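Residue numbers (the numbering used here), protein chains in the order written: chain A, 412 to 1222; chain B, 129 to 245.
Hints are computed from structural coordinates only; laboratory data are not their basis.
Just so we're clear, the structure is a prediction, and the values are computed from it rather than from any experiment.
Beta carbons are placed, not taken as given, at the ideal position from N, Cα and C, and that holds for glycine.
Some hints here could point you the wrong way.
[Unchecked claim] Some chain A residues judged to face chain B by a derived CB distance under 8 Å, without partners named:
{"hint": "1", "residue": "I414"}
{"hint": "2", "residue": "L415"}
{"hint": "3", "residue": "L421"}
{"hint": "4", "residue": "L431"}
{"hint": "5", "residue": "N432"}
{"hint": "6", "residue": "L441"}
{"hint": "7", "residue": "D446"}
{"hint": "8", "residue": "F451"}
{"hint": "9", "residue": "E456"}
{"hint": "10", "residue": "L1125"}
{"hint": "11", "residue": "G1129"}
{"hint": "12", "residue": "S1133"}
{"hint": "13", "residue": "P1180"}
{"hint": "14", "residue": "G1181"}
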Amino acid sequence: MKILKATIILLLPVALIIILNTKAGSIPPLGKFFDPYRGFWNNAEQHATADDAIPLKGLKGDVKITLDDHMIPHIFAQNDYDLYFAQGYMTAMHRLWQMDFQSRYAGGRLSEVVGEKALELDRYQRRMGMVYGAENMLKELEKHPEIKAAIYAYADGVNAYIKTLKPADYPIEFKILDYKPEKWEPINTALLLKLMSATLAGGSDELYMSNALKKFGKETIDNLFPDVPFRADPIIPAGTKWDFKRLPLPMPPDSQQAEEFLSSVRTRQKKEGIGSNNWAISGSKTASGYPLLANDPHLELSLPSIWYQVQLSAPGSNSCGVSIPGAPCVIIGFNQDIAWGVTNVDADVLDFYKIRFRDSAFKEYRYNNIWKKTQPRLEKIVVRGGATITDTVFYTHHGPVVYTSKPARFSKAQNVPQGYAMRWIAHDPSADVATFYYLNRAHNYSDYRKALTYYTAPAQNFVFADNENNIAITANGYIPMKWHGQGKYLLDGSLPENDWHGRIPAEQNPYVRNPKRNFVSSANQPSADNTYPYYINWEFSGYERAHRINTRLTTMSKADVDSMRALQNDNYSVLAKEVLPLMTQLVNTELLNASQRRALNIVKNWNMKFDAGQIGASIFEIWQKNLYNRIWADDFNDKQAFMRFPSRDRTVELLTREPASHWFDDVSTPEKETREDLIIASFKTAVDSLERRFGPLNKKWKWAYVKQSRVSHLAKIGGFGSGVLLNGGSKTSVNALGESHGPSWRMVVALGKPVKGFGVFPGGQSGNPGSFYYDDMIDTWTKGKLNELLFLQSASQKNNRIIRHLTLQKQ
Amino acid sequence: MLSGPILLACLILQFFLPWWIIGPVAFLFALWRASSGKHAFRAGFSAAFILWFCMAIIKSFPNHNILANRVGQMFMLPGLKLNWLIMAFVAALIGGLAAGLSAFAGYFWRFLIRRDT
Chain A
412 MKILKATIIL LLPVALIIIL NTKAGSIPPL GKFFDPYRGF WNNAEQHATA DDAIPLKGLK
472 GDVKITLDDH MIPHIFAQND YDLYFAQGYM TAMHRLWQMD FQSRYAGGRL SEVVGEKALE
532 LDRYQRRMGM VYGAENMLKE LEKHPEIKAA IYAYADGVNA YIKTLKPADY PIEFKILDYK
592 PEKWEPINTA LLLKLMSATL AGGSDELYMS NALKKFGKET IDNLFPDVPF RADPIIPAGT
652 KWDFKRLPLP MPPDSQQAEE FLSSVRTRQK KEGIGSNNWA ISGSKTASGY PLLANDPHLE
712 LSLPSIWYQV QLSAPGSNSC GVSIPGAPCV IIGFNQDIAW GVTNVDADVL DFYKIRFRDS
772 AFKEYRYNNI WKKTQPRLEK IVVRGGATIT DTVFYTHHGP VVYTSKPARF SKAQNVPQGY
832 AMRWIAHDPS ADVATFYYLN RAHNYSDYRK ALTYYTAPAQ NFVFADNENN IAITANGYIP
892 MKWHGQGKYL LDGSLPENDW HGRIPAEQNP YVRNPKRNFV SSANQPSADN TYPYYINWEF
952 SGYERAHRIN TRLTTMSKAD VDSMRALQND NYSVLAKEVL PLMTQLVNTE LLNASQRRAL
1012 NIVKNWNMKF DAGQIGASIF EIWQKNLYNR IWADDFNDKQ AFMRFPSRDR TVELLTREPA
1072 SHWFDDVSTP EKETREDLII ASFKTAVDSL ERRFGPLNKK WKWAYVKQSR VSHLAKIGGF
1132 GSGVLLNGGS KTSVNALGES HGPSWRMVVA LGKPVKGFGV FPGGQSGNPG SFYYDDMIDT
1192 WTKGKLNELL FLQSASQKNN RIIRHLTLQK Q
Chain B
129 MLSGPILLAC LILQFFLPWW IIGPVAFLFA LWRASSGKHA FRAGFSAAFI LWFCMAIIKS
189 FPNHNILANR VGQMFMLPGL KLNWLIMAFV AALIGGLAAG LSAFAGYFWR FLIRRDT
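Excised from the complex, chain A in its bound form:
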């Protein structure tokens, strides 16, 4: 009896300890987690200032690292191997969990960490061919030994850092999710670069477009979804002569059967906020006489930050800027002689092909009147707390058949047609890191042009400026050679005419050097005017940012860094300028109540800037969005066939130039609505919704409160994000800050002797929420200011912003 009682009593603490040592759902193991010795308290960083020397195996020489007041490492190595080893080591020190999590996300391995709830996402990533593409990249590296060496050296550095860690030192997210860092493999670098392609060149509208084509017919769709916008301000100035010999254009097949596709999901507006600005102005427009270059890539903002600042110096190179955590080299930055930056081209590099399988075994498919064999690829997905799942993906010569049967409720799969093969540039062998490796070492324009030839995807507008007063921009990447409009709709995968016809030769990608207007710029608008011989895409980003940038740059003279900074923070809305006067004029005030009249007055007197404190901005934004939805929702929200709405540019054209268009009529009502009816109805809705949310007109209607920008944690862990940022900007302003997407890095480089760089991102160098450097740059970013980037010439150079020296010692 006593023994039984004592045993039962012993079970109490044993059970409690076991429970406290076990993860339950999304709750971390509480005993482990709250343990002040090894739990999260141990991630609470102190201000470390002591210099340190760390002996490491694998280094060829000692590496000197200087850390500045934003914890940015300035790495001085004696050879390239040590340089990228140290970059890997330092990035891991600050961003290990982010690197681990993002590469797992990219490679479809999140289920290993979070269990079954990530299974559909993992399947999607695998079926999209993310791992297949990454493997092809690794194979291609065999042809580029110096790039392969850089990626492997980087991995060695990451692993050298991981080896120094005890469980108590693991980044806090490992403790929350209760798993361990694993060895870093070079394929993770490839996966992260593929993730960039997925973000920037992984979108596809052709399913929606095919549905729309089927419903409305070619004439209507050509009218509503034109291949050329009604006004454009292309990247390569209109009229630029193409100094190359044109290749013959491929021809479409005689008959094209676009397959319809049924889906019961709701239509969404095209996602915006992933885009970017860059420009360079020549010395003739600057105060210094040397060029100025600016870049701000817009992405979904996150903490830990998307970018990691670094200076990389070794014999033969000294570059400074931002890197991608998980990949070697500076991606956007400058060196003594040149500066460069990137924006997305929006080339159509993803197409879907209807596959006619011989039978439901998916082993053969029809192509060019013969049966061709598919290649099965097995994807093993390990699920934490569950069975390992093997998924078979069938590959055609186009690429993988993403879904032979589609998951019912998985939003990412919505635009993927079932039974179609995917032809995607991210699957092709490439060694994109080479471009950055050579840009880091470039001295002049011809080095820049040479470096670009190594680049495949995602296609970027590479802006360039150098100390010899050259400026240039190139829409660069592997852009497939296509017949006009190829891939606007779903394609028939059995016709060879529908295959990609090679590529546009790299040197014939749209580019311009030192144009007459003395500046180059891009904001994701069409690459060139219609004199450019090849087809790149039928639709690009809207006109607004591009036009504003070009307008301001045209009038600029004696510009300095601050004029560039001011333009990056420009909140002016070209959209408002184009449609607001018309909209306010068409509102019949007699139909408004008192508060609606007051609101109309405010929006009439608004300066058309999306500044944080503007109430007019809030009213206009909700108004125009509602108007847009009212115009198109009745026609394009089809419960049977998923479609998308015409672009904002087309809507502006409709509003300003086609007042009597039948599209204004709401077909779901018996009455005949007009443009005026929709404008006034949407205005009332806008004011009423603001009143419901914030009460009668008051200061809470200010744009920043309405917009609620924030930077969230990468895994959306509460408390690890930024909270609401009271910032201006909008998707149609140069300062393209929406709720969650916006300028992920703002950089201005003043070329000259010496060159000077300025930059900031919304976060900090450290990925540790318990670090003083987790979000120390957000304030500067929020205020629209830039930090001067410390660009040291040697490891021993003195500067009062240096806070710490580290030496990685060869062991």
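Knowing the structure of chain A, use the given hints to seat chain B on it.
Chain B alone, transformed into the frame defined by chain A:
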């Protein structure tokens, strides 16, 4: 006083061993010395409570409590400047309960062993 030796032993052993070592430590000390179940639980609880509370704030103060405040928000607390204090209490409570219950069990085993011999 039983809590003093438990605290001291846990303080040292935790540097080398996982957090749950506080259980066996409290158990053994109670087995050796506890005079009642209540005495044992109090001693184990207070020792680990004080140790974990103090260690937590010793680590948190130089951090200006940035992390503890964020973790508080993660556990759905509002964004208060004093989240860290609540977190330290939660930590202390967890440690206290684990050690307290272990000590309680230790006392009963002491009882058992004594009767048998």
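Of all the hints given earlier, name the ones this structure violates by number, lowest first. Going through the list in order, the structure violates hints 2, 10 and 12 and respects the others.
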